[in-house]
Amino acid sequence: MINPSHAVILGVLLFSVGLYGALRSTNAVRILMCIELMLNAVNLVFVAFSRLRPEAMIAGQVFAIFIMAVAAAEAAVGLAIILQIVRQRGVVHMDKINLLKG
Amino acid sequence: MSFLDAFARALPTLGLFTLAAIILVSGLMVARVRRITHAAFFMVLAFTGVAGVFILLGADFLGAAQVLIYVGAIAVMFLFAIMVSDLKELSDNPRGTAAATTAGGASGAAAPAARPDGSPRGAWSVLSGLVALGFAGLVLAALAKAGLPAVEVPAASGLPTTAPIGRALFTTFLLPFEVASIVLLAALVGAIVIAAREVGGEAEAKAGPPPTSAAGGGKGDAA
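Going down the list, the sequences are from chains A and B.
Note that the first sequence covers residues 1 to 102 in our numbering.
Note that the second sequence covers residues 1 to 223 in our numbering.
Treat the hints as calculated values from the structure; they're not laboratory data.
Be a bit skeptical, because a hint or two may be false.
[What the hints assert, rightly or not] Not the full set, but computed from the structure, chain B residues with beta-carbon under 8 Å of chain A: (1) 23; (2) 58; (3) 64.
Even glycine gets a Cβ: it sits at the ideal position worked out from N, Cα and C.
Between the sequences and the hints, there should be enough to build the whole structure, so can you do that?
The structure is reproduced here in structure tokens:
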């Protein structure tokens, strides 16, 4: 027997770990990795809540599948953009990408 | 006998806690480890742990999809991007100081507080840690106030969820499914177009793509 509320708490903690990494690091690839961790945490919470409500079990898992599709698209486009920035400017540091001085 | 029974009943919870420890520690390593390649492999570990939690929660199809998509595709894509763009030399320090820390070797790794950048990075790191802790505390307090149900469900039991998920995808969620496929197609085409453009290729792009940029396109496909 297992308590899905524990998985909800795990999802919250994993999301805040990803938030910490995404705020902390200046490496663009590492920021993308941490965003992937946060998306995974949201998937975890979706599945745990769907387990808590049996009539919504399949709907929660389908939502998680959609999030996976969006995560794959986001990683592909984000890594392509980072690759192009590295080719053109030779840096992966968000502090150094300051052509548009905001 | 009853002890064995109790142990068998507590086994899924023990597995969940073990997986939670693995996931959280490797997530922290993704955020903190110095080399970006190591961070990618810790990300793989975290994804695998999440797949295990999915299977414990009875979402067997989702666990398999997690392994296939995240561990098999996204992590490999990250590693390819690190390899192609030669990012492994660049840690979280700017280029000049990265060379200094690698020259420093073990002493640089032993004293990460003494960054050449000075204190602002350290203060920023502490601030982001506080923000993340505050977020976690806020959400956990809200969950505690709302009252998470303490129901126990059987771990990884029931029918396989593949057939119901497929039925739901093609009936209830047909329109989101088609939209997701269009999003994936657009992202794929966009990623190839963005990554295949060579440096200084703007003049060439105006004059029409020469055959050399097609060779560059094959290289960009790896990303």
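Exercise. Please write out, lowest number first, the hints stated earlier that are contradicted by the structure.
Key: Those not satisfied come down to hint 3.
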